[in-house]
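Based on these hints, arrange chain U on the given structure of chain Y.
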Amino acid sequence: MKKLFPTQEVGSLLRAPFLKKTISEREISETEYWGRLLCVPEYEKLVEILKTGKYVRDELYEWASIYGLRFFESAGLDVVWDGEQRRVEMYEYPLRNIEGAVFYGKVKVWDVETYNKAAIVSEPRLLNPIYLNEFLFAKRFASRELKIPVTGPYTLADWSFPEHHYAMHKNVKNIMERKRLARRDLVLDMAEKVLRPVIKKLSDAGAKRIQIDEPAATTNPEEMQLFVEAFNKVVTGIDAIFTLHICYSDYRRLFPHVLEMKIDELSIECANRDTPYKGQDDEKRRGYLILKIFREYGVKFKVAPGVIDVHTDFIESPDLVSDRLLYSAKLLGDPSLVIACNDCGLRTRRWEVAYKKELSLVEGASLARSIWEKQ
Amino acid sequence: MRKHSRGEITKQELLSAAQKECREIAEIQKKAGMTLLIEGQLLWHDHFRPFSETIQGMEPGPLTRWFDNNMFYKKPIIVNELVWENPVLINYLFLDVVRNEQWKIILPEPFTFASMCDNRYYVSFEELVLDIAEIIARELSIIRSNSQLSIAQLSAPILAQRKMDEDSVEIVRQGIELIKKSFDGEILLHTFFNDFSNAAPWILDSGADILGMDLTATDIERLAEHDFDRPIFAGIVDSRNSYVEPIEELVNTAEALLEVLEPPAIHIGPSADLDFLPRQIADKKVMNLGIAYRKLVST
Chain Y
2 MKKLFPTQEV
12 GSLLRAPFLK
22 KTISEREISE
32 TEYWGRLLCV
42 PEYEKLVEIL
52 KTGKYVRDEL
62 YEWASIYGLR
72 FFESAGLDVV
82 WDGEQRRVEM
92 YEYPLRNIEG
102 AVFYGKVKVW
112 DVETYNKAAI
122 VSEPRLLNPI
132 YLNEFLFAKR
142 FASRELKIPV
152 TGPYTLADWS
162 FPEHHYAMHK
172 NVKNIMERKR
182 LARRDLVLDM
192 AEKVLRPVIK
202 KLSDAGAKRI
212 QIDEPAATTN
222 PEEMQLFVEA
232 FNKVVTGIDA
242 IFTLHICYSD
252 YRRLFPHVLE
262 MKIDELSIEC
272 ANRDTPYKGQ
282 DDEKRRGYLI
292 LKIFREYGVK
302 FKVAPGVIDV
312 HTDFIESPDL
322 VSDRLLYSAK
332 LLGDPSLVIA
342 CNDCGLRTRR
352 WEVAYKKELS
362 LVEGASLARS
372 IWEKQ
Chain U
60 MRKHSRGEIT
70 KQELLSAAQK
80 ECREIAEIQK
90 KAGMTLLIEG
100 QLLWHDHFRP
110 FSETIQGMEP
120 GPLTRWFDNN
130 MFYKKPIIVN
140 ELVWENPVLI
150 NYLFLDVVRN
160 EQWKIILPEP
170 FTFASMCDNR
180 YYVSFEELVL
190 DIAEIIAREL
200 SIIRSNSQLS
210 IAQLSAPILA
220 QRKMDEDSVE
230 IVRQGIELIK
240 KSFDGEILLH
250 TFFNDFSNAA
260 PWILDSGADI
270 LGMDLTATDI
280 ERLAEHDFDR
290 PIFAGIVDSR
300 NSYVEPIEEL
310 VNTAEALLEV
320 LEPPAIHIGP
330 SADLDFLPRQ
340 IADKKVMNLG
350 IAYRKLVST
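Listed in order, the protein sequences are those of chains Y and U.
Residues 2 to 376 (this note's numbering) are what the first sequence spells out, left to right.
Residues 60 to 358 (this note's numbering) are what the second sequence spells out, left to right.
Just chain Y, with the same shape it has in the complex:
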């Protein structure tokens, strides 16, 4: 029997202390602390080069990737990534490698969080094999199974201004129709001309698990079919386990469309909308009620309902994590469908908070496993 409630991370982690613009004694001390705690091989060498100041930036990114991998490995997760240490964030990083993307400036996402929004001013074309080098590097140093996160075509398109495609439809008089056509063309271009080649290269390089991040998936209910079409264009015929990650969304909108998608796992955010109280009833576990719909539709893929809220410093206890997992298993009617996971990437949390959360994730999954097996 396969391990119940396997643990996975979702992607990002705050950048390692030594990736800050200026490195003072404080950053060096933190590098040493985390190197020792995470058992990073030969971390003393990094500390030494930081002290001398003789290093190149790329070298630090490699170290950061190793620190990120060890962060999740030492916390005990089954499936890991390097915390996206080389990426500025999930949207800007890939778009910097796409011809036709021009950045216009920051726009708000929520509270103080922003992103650098781009316009697509010509047909998008892949300039570099995005993600490939980081995957090859991580593969050399990881001791656990890897899952590489990649931003999906729908989200890249939805978060951009479709200027080129809007201009292509200048003869369409109705502004709503013109927008619709521009969006459709851009989404499909991103799928065929950008993401598909990227995923193919990753697979050829040995990536067995690929997570496609599509937080924008349910933004426009009338475009759900388009979202599915684009996703399937990217993954069809590629031999890998595909996880679809969607967060802070209305998951009801996924149905029935999601049933047509070529996915093995679906990762969603639930802890954000849950209560912090222990228990396995509908009221305390309100954040997971959405799983009832999953069962109604008889989903065949595995589900990773986030059991760790990545936007608070509240440390979920292992008991709370366990309750959330057991309740999810009950709603889905099958514990083998449930993966223990964070709501989303941990980029907004400090490492000490993120690490405690990951320790709780692992311990809580273990607790849930033993409780379920005794039942």
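I should point out that these hints are in silico values taken from the structure, not numbers from a laboratory.
Source: prediction; values computed, not measured.
Yeah, the Cβ is synthetic: ideal placement off N, Cα and C, and Gly gets one too.
Among the hints, a few may not be true.
Said to hold, decoys possible - Covered, in the sense of this in silico footprint (three residues per stretch, anywhere, with C-beta under 8 Å from a C-beta of chain Y), are these stretches of chain U:
#1 120-127
#2 272-278
#3 298-309
#4 337-345
What the hints assert, rightly or not - Coverage of chain Y stretches by chain U, computed from C-beta distances (three or more under 8 Å per stretch; other residues unrestricted):
#5 105-112
#6 158-172
#7 175-186
#8 294-300
Showing chain U alone in chain Y's frame:
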């Protein structure tokens, strides 16, 4: 604000920086020739936060998508009867920035506000809407007595999202009526992101003084059959598209609206909040809007 959230600057430093930014925003509007300013509302994380952080009975909840945008708000959770004790918004605004100006404030329309909450207390949705309306009415009254607030724009995308039943329409009307009892400025009911025709014809009789429509989402031909007896606010500048509308295009859109709907007056502006756009694009759009306005007035 990011620096403040990370503890890198003090609250006072944050306020000082935000006030400076609000002044700059006001200056750009004046330079563009806007006849009615906005304060910028930079201290508001989202439309509901000043209320959910302050009003008894309400608290900020989970991050939730703001309609069809890559923007999120903290869904207010209603945990008890709403109690207004002290002025709220005055602490979230820099009134000195607009002290000597005609200006408008942007607040959530009560029915929309209530619809965007997680209501765990009120048995009656109508009661929740009216309690929210009462709070908004009090706030508007205080702000008006402290400044030259001319218009309260009530943001109401929910009202045009789909056709509403008669009971819901009645609740919307009651909310607006309640606000108008204590606020003697004008009420602009703005239905952005959605096709205004979904709210027609009942919205013509909603009690609002000005009816706001998002022309990037509304087909005005479908409104031709209705009799517009009050001013329209026309969102002719797309606040979610980097395409900077040429001045002629803005003028043509406004003129077409005047011709088809024949309202007694129109106000022109962006379709929704401008924080969906990078600042440089937003500024260009505001400048073009000002020029388009002057052209329209001169003709």
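Now for the hints, and whether the structure bears them out:
Counting residues of the stretch 120-127 of chain U whose C-beta lies closer than 8 Å to any C-beta of chain Y gives 6; at least three are required, and the coverage claim holds. Residues of the stretch 272-278 of chain U with a Cβ under 8 Å from some Cβ of chain Y number 4, which satisfies the need for three, so the listed coverage holds. For the stretch 298-309 of chain U, the stated coverage by chain Y is satisfied: 3 residues place a CB nearer than 8 Å to a CB of that chain, which reaches the threshold of 3. Taking a C-beta to C-beta cut-off of 8 Å, the stretch 337-345 of chain U contributes 4 residues in contact with chain Y, enough for the three needed, and the coverage statement holds.
Residues of the stretch 105-112 of chain Y lying with their CB closer than 8 Å to a CB of chain U number 8, which satisfies the three-residue condition for coverage. Proximity of the stretch 158-172 of chain Y to chain U, defined as three or more residues with a beta carbon under 8 Å from a beta carbon of that chain, is established by the 5 residues found. As drawn, the stretch 175-186 of chain Y meets chain U at 4 residues by the rule of a beta-carbon pair under 8 Å; at three or more, the given contact holds. For the stretch 294-300 of chain Y, the assignment as covered by chain U is violated, since 0 residues bring a beta-carbon within under 8 Å of that chain's beta-carbons and 3 are needed.
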